[in-house]
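Asker: Chain order of the listed sequences is A and B. Per the working numbering, the very first residue in the first sequence carries number 1; after that it's consecutive. Per the working numbering, the very first residue in the second sequence carries number 849; after that it's consecutive.
Please keep in mind that the hints were generated in silico from the structure rather than gathered at the bench. Just to be clear, a hint being listed does not mean it is correct.
Computed cross-link-like contacts, DSBU-like style, restricted to lysine-lysine with a CA-CA straight-line distance of at most 30 Å [what the hints assert, rightly or not]:
| id | chain 1 | residue 1 | chain 2 | residue 2 |
| --- | --- | --- | --- | --- |
| 1 | B | K926 | A | K218 |
| 2 | B | K926 | A | K814 |
| 3 | B | K902 | A | K218 |
| 4 | B | K926 | A | K513 |
| 5 | A | K814 | B | K945 |
| 6 | B | K915 | A | K589 |
| 7 | A | K595 | B | K902 |
| 8 | A | K541 | A | K300 |
| 9 | A | K764 | B | K926 |
| 10 | A | K814 | A | K764 |
| 11 | B | K926 | A | K595 |
| 12 | A | K804 | B | K915 |
| 13 | A | K672 | B | K902 |
| 14 | A | K804 | B | K926 |
| 15 | A | K218 | A | K195 |
| 16 | A | K814 | B | K915 |
| 17 | B | K915 | A | K560 |
| 18 | A | K712 | B | K915 |
| 19 | B | K915 | A | K513 |
| 20 | B | K926 | A | K672 |
| 21 | A | K802 | B | K902 |
| 22 | A | K804 | B | K902 |
| 23 | B | K945 | A | K579 |
| 24 | A | K588 | B | K902 |
| 25 | B | K945 | A | K321 |
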Amino acid sequence: MKKTKILVVGNGMVGHKFIENMLNSPQAETFDIVTFAEEPRLAYDRVQLSSYFSGSTAADLMLTSEDYYRSNGVHYVLNEQVTEIQPENNCVITASGRKETYDKLVLATGSYPFVPPLPGREQPHCLVYRTIEDLEAITESAAQSKIGVVVGGGLLGLEAANALKNLGLDTHVVEFAPRLMAVQLDEGGGLVLRKKIEKLDVKVHTEKNTQEIVAGEKCRYRMNFADGSYLETDMILFSAGIRPRDELARNASLSVGERGGIVVNNFCQTSVANIYAIGECALWSGRIYGLVAPGYQMAKVAVSHITGGADQFVGADMSTKLKLLGVEVASIGDAHARTPGALSYVYQDGINEIYKRLVLSPDGKKLIGSVLVGDTEVYGNLLQICLNGMDVPEAPEQLIVPASDGQAASGLGVDALPETATICSCHDVSKGTICCAVRDGATTIGAIKSMTKAGTGCGGCVALATQVMNSELTKLGVEVNTDLCEHFPFTRQELFHLVRVEKIQTFDALIEKHGRGLGCDICKPTVASILASCWNGFIMKNELAPLQDTNDYFMANMQKNGTYSIVPRIAGGEITPDKLIVLGQVGKKYNLYTKITGGQRIDLFGAQLDDLPAIWQELVDAGFETGHAYGKSVRTVKSCVGSTWCRYGVLDSVGMAIAIEERYKGLRAPHKLKFAVSGCTRECAEAQSKDVGVIATETGWSLYVCGNGGMKPRHADLFATGLDDATLLKYIDRFLMFYVRTADRLQRTSVWMDNLEGGLKYLKNVVIDDKLGIGADLENDMQRVVDAYQCEWKSTIGDAEKLKRFRTFVNSEKRDNTVVFVEERNQIRPANEDELVRFVTSTELETA
Amino acid sequence: MNAAELREIWVDVCESHELLPELGARALVNGEQVAIYRVRDNLYAIDAIDPFSKAAVLSRGIVGDLKGQLVVASPIYKQHFNLQTGACLEDNTVSVKTYPVREVGGRIQIGM
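So here's chain B without its partners, still in its complex pose (with noise of 0.2 Å):
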């Protein structure tokens, strides 16, 4: 176990079947929304606030993949957005945070 995983505390947020393949859930952990998606069995987790819009509306976005990179794209101006790096494929100056995740026992976890 190294020095990275000792430091996170790993938020249960819900059962594993409640989050379905490519459709996004949206947790409220620390006080901070975050966005959460199945794909082919992998999860991932980013911030659930879309930074053009304001609205937190990100798990709400349709999944899917563009040039090889897994995107969702915001449902209010249609920006993608990396689900592994939380980079904005459009506009090179704009991320949102990523959040560890996993899945334990049945349950979804978030890393903060």
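With the rest of the complex left out, here is chain A (with noise of 0.2 Å):
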């Protein structure tokens, strides 16, 4: 059967999107996809593009990979722009002369930016902020650059004043309007925005009408204004709207828009049938959608068109929640009360700067607006009465101003929230989506996250989804029981509190005080890392010795046979020649077999009990310490050479790794941790897989967390950035902390974040704005526990009355004669069970 074919105009994110739903469609099979892409790479965030700003890459900020495309039959063409369209052929043209044909085309052209039309704006510093060619661009200029001016006040404009603040410039922003963000706001919600900009050092100019850009006196440009003011400034960012692509489908003699814009219908389709429009290109009743989510939207409806489904575009909701330049700032529907007699409810906050208002209805019994600015904790909640159209509390007010009993205002329950109400839009899933998930078992935010993807966006309904699952939990009757195990009904992060604060310092007093019975192999291991957490006790201990899993009791690793490894800590994975020999020499002595790991070390494995002792003797002798391989505690903490030795290398990845590494050594936590340090972006260390990553920059460390590899591999988040040497161990101090305070047992970091209400977010608050005031109190407990690290096997081996455990038998010198080896590859493995077997019965006939 002949495949459809369809050509894709454009591969920004609304077309990249297209082309994703199209290949998750059913029908995907009988389709052959091209895309042409005048950008050199293809789709990326563009909502994010001022994180490029604080550390992301352009590979941070892709959508799709040349790999995905390629697996899944799409053709893509880079750095080919379309010029022409010629429906009456169902072919294009590009710039390079090639002829594409088509059964359907999609227009995903996209937007400009607009540049008004001043004398002077065609300068080489005079720019504009929409890809990521424009993003180097403005670097490379503010590198040249004291001064900095962003044209435009409204949403992008502030993304961009944001921009040029991270590169350093003294950052004015140019409005016309009488206000900022005049399109989302109102005058009050403008107002405080303003003061709280201009309280971050960034000077604001509205109702300025610039004429013309010449040569200017101190700084490279002076802008003057219709008013006769003027300002001097070495950059100029244009970001004053943006202007549709539509020039391809005007060309074509397809139906516009009297001020641009292609005409679509509601199935997205142009004035000719099998051509689509789709995002910021698509003019849809008189109207167009210069946000992300609408032209998903539209894609949605494309893909649903040509696929024989019915969807239809019927407008989209505009209200917006985002954070510029650090302030929260939230609009609602109708933010202005243009509703002929609407209500409104204002609070004003001029402390603290908050400025809330809601949009009545005339009958005061529906919300139809809102604008939030400095706080917008309450945006979830108020956005979902507006659309649901359902009815305000009693007392309005009681959905803006905070409650006195300190509790956040609650507003109506999430129960009032129709089955149908949109929780999380980034991913479109809705309230009956997140309940049907927890019917099908899911009992936490995490589990939520991955079954549904709610909150995987941009992060803003996690908790508004928390409440949902909440509830439902409730109604299913379904308790959700954290107890650890049947000795302790506390969750690991309770019992953590009750011996921090209780002072208590042995399994027996904590489970005589707030347990039932001996104790079993859950809870034992458990409070012994949670004692070793808080206090860092010997392990070894009397009292602490029986609550140690096998490895950590014998301090290396039990394999299948019973036997055992040995992992020696190789800090940052650096090694003398000498300390090399030596593990040489002990592998061959005591017969070991020998791997390197991941983590950049060396394990010995075959170990009996009883060689133990005598193998960590020499190898404390010739200077080694424990590697704590067999803990849920700090592994390594990789590194790639670094400045020392690469030509590429910005900062000393190696002497960071080995100083990360000697702080947090033998750190017992909920589950084991990993680190990496890479010496500059090429990422050599893979930092971004691990728990705890560092990266340097020109500017300092970049600081990641929550990464993890294994069955489940998760790339870690970007924390901080520009960090210096004390900034980024005080950082790793109070999260590490935070983490081992209050995880549950073998939960890693990458799921404990995503547990926390607020995710991320809130991280960031608790260890950089050390918003619970418990900062100080995490860094002295990690000293603390630092203070008191020993190397358990130096510690151990001078013992005698300990080593006595090591002894295979209590009664005889003779060695486990389960424990068989064969050779494979010139070293020991374990027999398998058919080698054990003949080995057990030709033995057994030697001595009949």
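Each of the two chains sits in its own frame; use the hints to bring them together as a complex.
Answerer: If you want it as structure tokens, here you go:
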């Protein structure tokens, strides 16, 4: 069967979304997809563009990859602009003269930044803010500038101002209208936003109409305004709105709007039935939608129409919540109260600079709009009430005034929401979908995230999604049992708290006071870990010994045949030839299998219990310490060779890796922890796959957290940038201790963070902004653990009584006859079951 | 003294103080590897070989109680064995051998 050929012009966010939806449709097999991109790369996240200035790379922003397109059979051509459509021939012509036919054409050409037609606008340091190439030009220009001006005080203009500020420029915003964000905010909101932004040392000039750009006296340029005033600056960034890219359609005589935009119907079809337009280039009902969510909806509608579905685009909600220059801003529905007879409630807190406005229908029963500046916590709640046409409470002001008992205003509970209410608008997840996931067994927000994708986009809905989940759990009568085990009716976090507050030193004291029974293999090691995290006592102490897993107890890793492997610490992966030789000699002497680990260490396998002390005596004599490979604790800090040797290195990654490993070695935690330090953004140490990853940049260290490899790999999140050594260690101290204090048993850092209400943002609040006021406390706790460190093996081999534990038999010098090795590739390995039977039979025959 | 006790041969394995509370020890008795435990002043002895992994590791498991039964957890695949009966809690078709054990004159003895 001949496949239908779909040609997508433009590979921006919406063009890519269309392709992704096509590939996910059940009929994907019956289509051939071709896409042209005029940019040198496939789709990236333009919404997060400003993060490019806080450490994200072009690679971080990518929404897809060439591999993904290739493996799904999507043909793509980069750096190729389509210059002409010939609707009568069903083909397009590109800049290089290529002709490509289609059955269905999809225009996702997006928009371009509007630059007002002023004299002098086409000078070298007059730039725009839309593509990664633009950002590169801005960075370059900023390096040669001291003062920067953004023309345009709208949403994008303030994003751009943030970028200039991050680049270290003295930043100004010039706006034609009397206030900032005139589209989204009312006068009161605009004023509060302006005050907050000016506090951040960004100068705001409103009601300024730029006439021309001429050579400056003190700076590169001078901007002359209509009122006779002027402003000198070294660079200018235009962010005065967008215009649809409709020239292709216009030249092919498709219908376009008077003020631009390709006219589409509810199915996103243009005036030519087999040509669609989606995203910012499309004009629906006289309106251009300059946000990504409506663009995604159009992509969905176009896919539905092409594949025979019935979805329609009937407009989109333009409510937004965002953080501009660190200021929270949100706007819902009719923010300006333009509806005739609309009523308003306004709450203003002049001290904390918070502004909230509710716009109600003339009968005062429905919420039709809202403006929030400085505190947007109630946004999710208000948006739901507005979108679902719900009645507001008796006293509507309760929705925005802070409750007097210190609790956040609750508004209407989630139970009042209809099943169809959209909770996560990034991934279009409804309340019903979340409830369904709960009925299918999800009991944590982490599970909700992985089953429904809710909360994995911007993260703004996590609090609301959690409320929906909890309410559904309550309805199902599911009492979520978070007890550690049958012996302790507490979570690990609660036990940690009890141990710390009551200064409990032993398992017996804890179980007597707060538990029942003898304990088990779940609670004993957990409590041992808590005691170690709190007091870092010697794990071989008699009262702690019975609590340890065999690995912790014998300080080695038990393998499948009951023998152990040994991993000495090789901090940062740096080792002298002499020490390498010692490892070789020990391996040879005790006939151990040797293997290089993923954490840049050497693992020695096949040691029998009674050999461990002798092996460690030799290792300790040679200056080795235990590597804690057996513990739920800090394992390794992987590093690349860094600036010392590498021609690309920016900072001394090995030195930092060793410093970090020496500081945190032996720290007991709810789960093993892996770290890495890379000396430049080439990232050879793979720091972004670690619990704690550090990457050197020109401006200092970038810190990444909560990544992991393993069964469910997860990229780490960027946590902070431009850190000096001391601040880096301070943040890691706080991060680790907060994790150790609050995580559940065997909960990795990634899952732990996903389950924190507020996720990454909350974690930053706690660690960077010290919102809970526990920063110093966490650092002190960490210092106590660091100070109490001792090499467990060094302490053990000096203690004859403890060494008795390593005897194989209490009554015999014989070795364990169940341990049998065979040779493979010139080393030992455990005999498998077949080999074991043969071996035993033949020895029995010999003795018989 | 009944017939069963008559037939038993008690093998001396170690001094009492060498067997610490809730910490297993391993002894070699007539070529058999035996795991011995002291829990709240009572003694227990079972086969040290874990039937699932075939490795002699049960003396190195964590001792505790589950639903009222005294158990040891295998350090390899984490199954639990009843210290008094040898029965596996996770799989009722599997059990390990138990041995009589006693403390006489400051010595621990295993009956064969």
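Asker: A separate judgement is required for each hint: does it hold in the structure or not?
Answerer: Verification of the hints:
1. With a C-alpha separation of about 76 Å, the suggested pair K926/B and K218/A falls outside the 30 Å cut-off, and the hint is violated.
2. Between K926/B and K814/A the alpha-carbon distance is near 27 Å, which keeps this suggested pair within the 30 Å criterion.
3. The suggested pairing of K902/B with K218/A is violated, with an alpha-carbon distance near 84 Å, which exceeds 30 Å.
4. With a C-alpha separation of about 27 Å, the suggested pairing of K926/B with K513/A holds against the 30 Å cut-off.
5. Straight-line distance between C-alpha atoms of K814/A and K945/B comes to about 22 Å, which keeps the hinted pair within the 30 Å bound.
6. About 47 Å separates the Cα atoms of K915/B and K589/A, which puts this hinted pair outside 30 Å; it is violated.
7. The straight-line distance between the Cα atoms of K595/A and K902/B is roughly 25 Å, inside the 30 Å bound, and the hint therefore holds.
8. Taken as a hint, the K541/A and K300/A pair is broken in the structure, with Cα atoms around 63 Å apart against an allowance of 30 Å.
9. Annotation: proposed proximity of K764/A to K926/B is violated, straight-line Cα distance about 38 Å (limit 30 Å).
10. Distance hint between K814/A and K764/A is unfulfilled; the C-alpha atoms sit about 57 Å from each other, more than 30 Å.
11. Taking the CA atoms of K926/B and K595/A, the gap is about 26 Å. The hint holds against a cut of 30 Å.
12. For the proposed pair K804/A and K915/B, the alpha carbon gap of about 33 Å is over 30 Å, so the pair is violated.
13. With a C-alpha separation of about 28 Å, the suggested pair K672/A and K902/B falls inside the 30 Å cut-off, and the hint holds.
14. For the given pair, K804/A sits about 25 Å from K926/B by alpha-carbon distance, which is consistent with the 30 Å threshold.
15. Between K218/A and K195/A the CA atoms are separated by roughly 28 Å; this keeps the pair inside 30 Å, and the hint holds.
16. Distance hint between K814/A and K915/B is unfulfilled; the C-alpha atoms sit about 37 Å from each other, more than 30 Å.
17. For a cut-off of 30 Å, the pair hint linking K915/B to K560/A stands: about 28 Å separates their Cα positions.
18. With a C-alpha separation of about 33 Å, the suggested pairing of K712/A with K915/B is violated against the 30 Å cut-off.
19. In summary, the hint linking K915/B to K513/A is supported, as the alpha carbons are separated by about 20 Å, within the 30 Å threshold.
20. Between the alpha carbons of K926/B and K672/A the distance comes to roughly 19 Å, so the proposed pair stays at or under 30 Å and holds.
21. A C-alpha spacing of about 27 Å is found between K802/A and K902/B, which places the hinted pair at or below 30 Å, so the restraint holds.
22. Annotation: proposed proximity of K804/A to K902/B holds, straight-line Cα distance about 25 Å (limit 30 Å).
23. Restraint check for K945/B and K579/A: the C-alpha separation of about 46 Å exceeds 30 Å, so the hint is violated.
24. Pair hint K588/A plus K902/B holds up; C-alpha atoms about 27 Å apart against a cutoff of 30 Å.
25. Our distance criterion of 30 Å between C-alpha atoms is broken by K945/B and K321/A, whose separation comes to about 67 Å.
Consistency note: the structure conflicts with the earlier hints numbered 1, 3, 6, 8, 9, 10, 12, 16, 18, 23, 25.
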